[in-house]
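K.L.:
Protein chains in written order, with the numbering used here: chain A, 1 to 292; chain B, 1 to 345.
Quick caveat, the hints were computed from the structure, so don't treat them as lab data.
If you're wondering where the values come from, they're calculated on a predicted model, not measured in any experiment.
One should not assume that every hint holds.
[As the list claims (entries may be wrong)] Mimicking DSBU-like on lysine-lysine, the simulated pairs with C-alpha atoms at most 30 Å apart in a straight line are:
#1 B:K95 - A:K58
#2 B:K199 - A:K78
#3 A:K78 - B:K55
#4 A:K78 - B:K241
#5 B:K101 - A:K132
#6 B:K241 - B:K101
#7 A:K239 - B:K151
#8 A:K78 - B:K95
#9 A:K22 - B:K101
#10 A:K109 - A:K160
#11 B:K98 - A:K160
#12 B:K163 - A:K58
#13 B:K98 - A:K78
#14 A:K78 - B:K101
#15 B:K55 - A:K109
#16 A:K109 - B:K101
#17 A:K58 - B:K241
#18 B:K55 - B:K95
#19 B:K163 - B:K241
#20 A:K160 - B:K55
#21 B:K101 - A:K94
#22 B:K199 - A:K132
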Amino acid sequence: MDQDLQIHPLALFSMIDSYERKIGTPNSIGILLGNASSASGMRVIQVRSSYSINYQLKDELAVNVNWQLAENWTELHKLTYPNDTIVGWFLVGKSIPYFATIVHEYCHKNVSSNCFMVFLDLSFRTDNIEVKAYRMVSLTGGKIDHPLKIGNVFIPFRHKIRPSPPESLVMSALARMEKPPRKLAAIESPISMLESLSQSVHCVEDIARMLDQIIEYIAAIISHKVEYPDLDFGRDLLKYLSSVPISSDGDNYSQQVSGLVQDLLTVINLSEVAQLQIGLSDSVSNLDPLSY
Amino acid sequence: MATSDKKVEAGSYAKASDPADKQRRVQEAAEKESPLNIHIECSALMKIATHCFEKSSDEQVNGFLVGNLRPHYLEVTNAFPLPDIPATPDDYQSKMLKNFKDSGLDFIIIGFYQSVQFGDIDTSELFTTLYDYIVSFQSAAAVLFDIDQAKQGNLELHAYRVKSDPFAQKYKDNFTARQLNEKGIRFNDLFHELEICYKASPLSSSLLYELMQDCIPPSSSDSLNILHPSYLDSSVQSLMKDIEVVSQEFGAITKEQRRNYSLEKDRKTLVTKRREENEKRRDQGMRQLPTYTPDDLDRHVDRPIPVSHYNRLVLSFQLESHAKQAQHLAETGLNKMALAELLNN
Chain A
1 MDQDLQIHPL ALFSMIDSYE RKIGTPNSIG ILLGNASSAS GMRVIQVRSS YSINYQLKDE
61 LAVNVNWQLA ENWTELHKLT YPNDTIVGWF LVGKSIPYFA TIVHEYCHKN VSSNCFMVFL
121 DLSFRTDNIE VKAYRMVSLT GGKIDHPLKI GNVFIPFRHK IRPSPPESLV MSALARMEKP
181 PRKLAAIESP ISMLESLSQS VHCVEDIARM LDQIIEYIAA IISHKVEYPD LDFGRDLLKY
241 LSSVPISSDG DNYSQQVSGL VQDLLTVINL SEVAQLQIGL SDSVSNLDPL SY
Chain B
1 MATSDKKVEA GSYAKASDPA DKQRRVQEAA EKESPLNIHI ECSALMKIAT HCFEKSSDEQ
61 VNGFLVGNLR PHYLEVTNAF PLPDIPATPD DYQSKMLKNF KDSGLDFIII GFYQSVQFGD
121 IDTSELFTTL YDYIVSFQSA AAVLFDIDQA KQGNLELHAY RVKSDPFAQK YKDNFTARQL
181 NEKGIRFNDL FHELEICYKA SPLSSSLLYE LMQDCIPPSS SDSLNILHPS YLDSSVQSLM
241 KDIEVVSQEF GAITKEQRRN YSLEKDRKTL VTKRREENEK RRDQGMRQLP TYTPDDLDRH
301 VDRPIPVSHY NRLVLSFQLE SHAKQAQHLA ETGLNKMALA ELLNN
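Full structure from sequences and hints, please.
P.N.:
Structural data, given as structure tokens:
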């Protein structure tokens, strides 16, 4: 069965965090937790979170990993997310050290069969942080009827980074901030409407960009540049177009809009009056003539 | 909104047993410089958002914030959820913190997070929980994650810390008008809202930039909807309900104050009558009657009981937060209407 590995950004950010806090070792390692599901003949493995575990390097050929900590993390994580199990392990650093094969073998035999290794490459050889996934396969030699195991090798495995809605929300909100320390919410912003307005402007810019892409794709289909157009996309587009209400009567539309605007202004007025009233009532209530 | 029965309890980490110890901890917390803002790291923020978004369909979810107490701010470096199952072991919290310590991560609890719907905060429970945290951990902040704003595509968090003076009042369990006047405490002094800042290391920022370039966005949220009448309706309904409850509370307080005034008046009348009687007897050369002691007065007229304003303060704060929430939703709606009209034209 084909396998598809999807990594969530939360797992990657946790890996970065563990790398930054490591002491005395050039790499940081940990476990990957997630779940596997099957759909349309494809096994989809989702890596949802990661936890670091400590290790000690005895020499180049021997490493002492705290697998008990990995079990503890898994046991506690499952209380909240019972469907998650260990699906692999991660390595963060500038290169893959030799002991990675030892760790992977142990993980494969004792912790999770069919496990993956996700390597976060911080060497910046390509000026970027690279996320790589590997599976380990055995190299065998000798005769066919008497194969001899020569060693193990990491084979790259395709993966996608697929954020969930909350992860996407956090990432897009953080990416819009100007410079650190970035403010998520100012308490006494002098013009509070400005924040929601800038949010709306960003949404409109995103919509304009997406519309351009759609129009470009449709133009390519019409001019037969796309050999196999996506039928599902066409059906979705038709559904969205038919769901947009079209008002032929301009006056009715503007009447509806002004009615809505009036409702919203009424709510604003009511809220401000409530706040004013509660402030006055608070001052009056403290005027207790007996004042115990 | 159904609230979870599993309150985020601070107890198991460090218990303050006797009242003297509690008072000492409260005073120590009050003497420390109050942080003005809270810094949340990217991974912690993502953990909070993921847990609240995925798990809170009808019930409130909770979790713990882990980090450090810096001189001017609270630093949240990690977060872990509180499982919403009856079989959560009692030592879950201590096991998690031990794991954090073994992994070389921060392991000090500095507060908790909660999911809220429509900005609906249970102020009384929040105050009590934060108070318990102060007693156990000497520092606490509550981060509230708004689920419904998140579904609309807006990241909205609020962080609160309890001010020190209301602590002393809560400890004494005596929110009388006199004490409130002396301390100058008003309803919006119960909580201090902390400014939230995002903190990211250069590596995290670099990873964020890479992910924004390459990864496939999820399916659309409700952010493209111009108006959310259901959210605004619920918010206004909460506001109207709060107005009614606060009015009832004010009515109850006024009634109690009138009763106290009437009792005090009766007591003074008795004392005055006894004094007048004694003056007459003195003039007539008769033996004077003993003056009323407080115990004697209590036998004739009930002693006025000081009225506690705790509920009023808590409900007033809740009303103000709902009013602000409704105002914010309406203002957002107005912005979107203005943009929609511009686009339509």
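K.L.:
Could you tell me which of the hints above the structure violates, numbers in ascending order?
P.N.:
4, 6, 11, 12, 15, 17
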